[in-house]
Amino acid sequence: MKIFASSYTFDYSWEEVSTNNWRKYCPWNDKASHVLAVDTISRHVDADTGILRTERLITCKQNAPQWILTILGGDTTSYVYEVSYVDPKAKKVTMCSTNMTWSNLLECRETVVYQPASHEPHAKTEFKQEAKIVAMCGGWQKIRTKIEEASIERFRENAARGREGFEMVLEMSRRAFGEEREKMKMAQ
1 MKIFASSYTF
11 DYSWEEVSTN
21 NWRKYCPWND
31 KASHVLAVDT
41 ISRHVDADTG
51 ILRTERLITC
61 KQNAPQWILT
71 ILGGDTTSYV
81 YEVSYVDPKA
91 KKVTMCSTNM
101 TWSNLLECRE
111 TVVYQPASHE
121 PHAKTEFKQE
131 AKIVAMCGGW
141 QKIRTKIEEA
151 SIERFRENAA
161 RGREGFEMVL
171 EMSRRAFGEE
181 REKMKMAQ
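For the sequence shown, UniProt numbering gives the first residue as 1, with consecutive numbering after it.
Keep in mind that the hints are not guaranteed to be accurate.
[To be verified] Below are the DMTMM-like pairs computed for lysine to aspartate or glutamate, each with C-alpha atoms no more than 20 Å apart in a straight line:
#1 Lys92 with Asp11
#2 Lys24 with Glu126
#3 Lys2 with Glu149
#4 Lys128 with Glu167
#5 Lys92 with Asp48
#6 Lys61 with Glu82
#7 Lys128 with Glu82
#8 Lys91 with Asp48
#9 Lys92 with Glu130
#10 Lys124 with Glu16
#11 Lys92 with Glu167
#12 Lys92 with Glu16
#13 Lys124 with Glu15
#14 Lys142 with Glu107
#15 Lys132 with Glu153
#16 Lys128 with Glu110
#17 Lys61 with Asp75
#18 Lys128 with Glu164
#19 Lys31 with Glu157
#20 Lys24 with Glu164
#21 Lys89 with Asp48
#22 Lys24 with Glu157
Think of the hints as simulated: they come from the structure by calculation, not from any bench.
Let the sequences and hints guide you as you build the complete structure.
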């Protein structure tokens with residue numbers, strides 16, 4: 001098993017980050033062109049805790065080498081199952097995702113948490129990400145290690161692009177809603 005972990009501080013409030021999390025794969029994010037669709041499977045608010053639980057299926061176009069597709073079968077479409085929890089009282093978003101495509105060969109479990117930054121809780125949001133990657137190659141330790149190392153490196157590159165793209169979404173959203181507030185003020 002290989003583990004990737006990262007953290008980052010967004011210069012946006014938790015309210016902005018948690019709201020825009022649902023817009024992460026919108027046209028404003030040109031770093032997410034590989035995401036073909038995001039389908040909500042279920043959404044439920046727990047009456048006792050107020051926690052919003054959402055299940056989504058994310059459809060992606062992967063750029064796996066053709067020789068891998070030929071050997072393993074399949075095509076360039078892959079699926080990710082995501083469960084998220086939004087706790088408005090604790091101001092915490094937790095997202096857990098796992099690959100569904102080729103999960104019998106490689107398992108990738110990712111957890112992302114967004115919480116107000118401890119040093120500026122009203123203006124900044126802490127992002128923590130962890131991915132655990134396990135290649136299912138039986139006793140072939142060298143092959144398993146190589147696959148896991150390559151997968152972690154690719155995950156690292158994609159994570160950096162993902163943060164960049166989400167930063168663009170946050171910026172565009174702040175600008176768009178700021179413009180709308182100005183229009184509403186002028187109309188009064």
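Status of the hints after comparison with the structure:
At most 20 Å may separate the alpha-carbon atoms for a hinted pair to count; Lys92 and Asp11 meet this at roughly 16 Å. Proposed proximity of Lys24 and Glu126 is supported: the alpha carbons are some 16 Å apart, at most 20 Å. About 7 Å separates the Cα atoms of Lys2 and Glu149, which keeps this hinted pair within 20 Å; it holds. Straight-line distance between C-alpha atoms of Lys128 and Glu167 comes to about 15 Å, which keeps the hinted pair within the 20 Å bound.
Taken as a hint, the Lys92 and Asp48 pair is honoured in the structure, with Cα atoms around 16 Å apart against an allowance of 20 Å. A distance of roughly 17 Å separates the Cα atoms of Lys61 and Glu82; the hinted pair therefore holds under the 20 Å criterion. About 16 Å separates the Cα atoms of Lys128 and Glu82, which keeps this hinted pair within 20 Å; it holds. Under the criterion of a C-alpha separation no larger than 20 Å, the hint pairing Lys91 with Asp48 is consistent with the structure, at around 16 Å.
Between the alpha carbons of Lys92 and Glu130 the distance comes to roughly 16 Å, so the proposed pair stays at or under 20 Å and holds. Distance restraint check for Lys124 and Glu16: the Cα-Cα separation of roughly 9 Å lies within the 20 Å cut-off, and the hinted pair is therefore satisfied. Among the hinted pairs, Lys92 with Glu167 is consistent with the structure: their alpha-carbon atoms are about 19 Å apart, no more than 20 Å. At roughly 12 Å between alpha-carbon atoms, Lys92 and Glu16 fall within 20 Å of each other, so this suggested pair holds.
Using a Cα cut-off of 20 Å, the hinted pair Lys124 and Glu15 holds, with the two alpha carbons roughly 10 Å apart. Only pairs whose Cα atoms come within 20 Å are accepted, and Lys142 paired with Glu107 is accepted, the gap being roughly 17 Å. Of the supplied pair hints, the one linking Lys132 and Glu153 holds, its CA atoms being roughly 12 Å apart against a limit of 20 Å. Between the alpha carbons of Lys128 and Glu110 the distance comes to roughly 11 Å, so the proposed pair stays at or under 20 Å and holds.
Between Lys61 and Asp75, the direct Cα distance comes to roughly 9 Å. Compliance with the 20 Å bound is thereby established for this hinted pair. For the hint pairing Lys128 with Glu164, the CA-to-CA distance comes to about 15 Å; that is within 20 Å, so the pair holds. Using a Cα cut-off of 20 Å, the hinted pair Lys31 and Glu157 holds, with the two alpha carbons roughly 12 Å apart. For the suggested pair Lys24 and Glu164, the alpha carbons sit about 11 Å apart, so the restraint of at most 20 Å is met.
Distance restraint check for Lys89 and Asp48: the Cα-Cα separation of roughly 12 Å lies within the 20 Å cut-off, and the hinted pair is therefore satisfied. Of the supplied pair hints, the one linking Lys24 and Glu157 holds, its CA atoms being roughly 17 Å apart against a limit of 20 Å.
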